[in-house]
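There are 2 protein chains.
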Amino acid sequence: MVSKSQIKLITSLSQKKYRQQHGLFVVEGIKGIQEFLKSDFKLHSLFTVEGFFTDVTDITVVSETELKKISFLKTPQKALALFAIPIFKEKKKQGLQLLVDDLRDPGNLGTLIRLCDWFNIENLICSNHSVDCFNPKVIQATMGSITRVNITYTDLNNYISQQNLPVYGAFMDGVSVYESQLPDNALLILGNEANGISDTIAEKVTHRISIPQFGNANTESLNVAIAGAILVSEFKRG
Amino acid sequence: MVSKSQIKLITSLSQKKYRQQHGLFVVEGIKGIQEFLKSDFKLHSLFTVEGFFTDVTDITVVSETELKKISFLKTPQKALALFAIPIFKEKKKQGLQLLVDDLRDPGNLGTLIRLCDWFNIENLICSNHSVDCFNPKVIQATMGSITRVNITYTDLNNYISQQNLPVYGAFMDGVSVYESQLPDNALLILGNEANGISDTIAEKVTHRISIPQFGNANTESLNVAIAGAILVSEFKRG
Numbered sequence: 001m002v003s004k005s006q007i008k009l010i011t012s013l014s015q016k017k018y019r020q021q022h023g024l025f026v027v028e029g030i031k032g033i034q035e036f037l038k039s040d041f042k043l044h045s046l047f048t049v050e051g052f053f054t055d056v057t058d059i060t061v062v063s064e065t066e067l068k069k070i071s072f073l074k075t076p077q078k079a080l081a082l083f084a085i086p087i088f089k090e091k092k093k094q095g096l097q098l099l100v101d102d103l104r105d106p107g108n109l110g111t112l113i114r115l116c117d118w119f120n121i122e123n124l125i126c127s128n129h130s131v132d133c134f135n136p137k138v139i140q141a142t143m144g145s146i147t148r149v150n151i152t153y154t155d156l157n158n159y160i161s162q163q164n165l166p167v168y169g170a171f172m173d174g175v176s177v178y179e180s181q182l183p184d185n186a187l188l189i190l191g192n193e194a195n196g197i198s199d200t201i202a203e204k205v206t207h208r209i210s211i212p213q214f215g216n217a218n219t220e221s222l223n224v225a226i227a228g229a230i231l232v233s234e235f236k237r238g
Numbered sequence: 001m002v003s004k005s006q007i008k009l010i011t012s013l014s015q016k017k018y019r020q021q022h023g024l025f026v027v028e029g030i031k032g033i034q035e036f037l038k039s040d041f042k043l044h045s046l047f048t049v050e051g052f053f054t055d056v057t058d059i060t061v062v063s064e065t066e067l068k069k070i071s072f073l074k075t076p077q078k079a080l081a082l083f084a085i086p087i088f089k090e091k092k093k094q095g096l097q098l099l100v101d102d103l104r105d106p107g108n109l110g111t112l113i114r115l116c117d118w119f120n121i122e123n124l125i126c127s128n129h130s131v132d133c134f135n136p137k138v139i140q141a142t143m144g145s146i147t148r149v150n151i152t153y154t155d156l157n158n159y160i161s162q163q164n165l166p167v168y169g170a171f172m173d174g175v176s177v178y179e180s181q182l183p184d185n186a187l188l189i190l191g192n193e194a195n196g197i198s199d200t201i202a203e204k205v206t207h208r209i210s211i212p213q214f215g216n217a218n219t220e221s222l223n224v225a226i227a228g229a230i231l232v233s234e235f236k237r238g
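Line by line, the protein sequences are chains X and A.
All the letters of the first sequence, read from the start, carry residue numbers 1 to 238 under the UniProt record's numbering.
All the letters of the second sequence, read from the start, carry residue numbers 1 to 238 under the UniProt record's numbering.
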């Protein structure tokens, strides 16, 4: 049974200000919730239509109709949990770090977090105006991999200045990434979906790189998550 | 002014059976529509809130409210057009061909079409049960690049048998793509989002390849569009 105040709390968590006020975010689906339960994230409450979670003692069993009221998904996925927003642990400053400059699409951020997890990129640095990583759509797209990536929101300009590392940025007119020497320790910046990397941050870039275009000159740019995947793969393939 | 019968026609085009019955599909947004107008696709009708299309004589000017009634988007984008579903022209059977085995997510198919366009992959072959490429969400995700890629729906099994080409398939347990010899002329198969490549098609694969995982062993697989991007980039980088 879900109370009115619980419904109000949960639906409010679609908005960043309420997530911050309550220090909570939403995870949906059995598989996703299990990933978070295995991690250091702290469970706040768990609502499920059946007893899928034998290790969790404090479960609220709900009806499909109740789940529909609290779910952010068109097709609710059997279970919904609230977890506490963590303080990400101190980052190791080694290897490749991925930076995003005002990334706005939740699906893109979720995909990039999953990419970082796959390629063992421990640090994802987001500009302050990038989409919030605890947005329900981001969480849904990460498939649990957010539990294994350190995410920091900060002023990118200051952050880059403090690193003393080569700074790679993706630009349409950059040097082919296939012909670039790519170091193990570096910053790689991806830009906003519509406007790319902002002018202020572009000034900090020491190596402008691009993915060569093989097709027709009319081709739209690649989606930022796709471009990010190809660039990260190039850094990691050795 | 949009008539009731036009509203009925347009909204019916969210479903494949009505798209096939009428031979029409929907494109939204000025930029997207302009891409189609530049192509060989044949315009059926165009609805816009202002006169953005100076070259088109037969425009229906609509109000924002009317546009909202016919749009598939949460935030309608100033214009909506219907185009005729084309018969894709005969494919050149050279270079890399991308095959998808029961791909279901419209966003993934749209992203892969855009990827094909960027990397000049002229042939995208979809199994008969893959999501329809004229689904409005696919069209939205392709950013017009569907005008430059030949897409065929067919029985993949038969198609592969007829090609007499090396067949590469993405599998979790495949050989590292970074260590594989990748020919210019080949078939590359990507599988379904949940189940990967089906058993029947897997039997046809001559080269099982994978993207090595650098992170934690608990990591979920990569999204199929992301994996596709990295694999295609490996084929094309030379």
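Hints are computed from structural coordinates only; laboratory data are not their basis.
Any given hint could turn out to be false.
A pair counts as met if it fits within one copy or between any two copies, since identical chains are not told apart.
Think about it this way: if two alpha-carbon atoms lie no more than 25 Å apart in a straight line, the pair counts; the simulated DSS-like pairs of lysine-lysine are [to be verified]:
1) LYS89 with LYS236
2) LYS4 with LYS78
3) LYS16 with LYS69
4) LYS69 with LYS204
5) LYS68 with LYS17
Verification of the hints:
| no. | hint | in the structure |
| --- | --- | --- |
| 1 | LYS89 with LYS236 | within (24 Å within a copy, 39 Å between copies) |
| 2 | LYS4 with LYS78 | within (20 Å within a copy, 39 Å between copies) |
| 3 | LYS16 with LYS69 | within (20 Å within a copy, 30 Å between copies) |
| 4 | LYS69 with LYS204 | neither (47 Å within a copy, 46 Å between copies) |
| 5 | LYS68 with LYS17 | within (23 Å within a copy, 29 Å between copies) |
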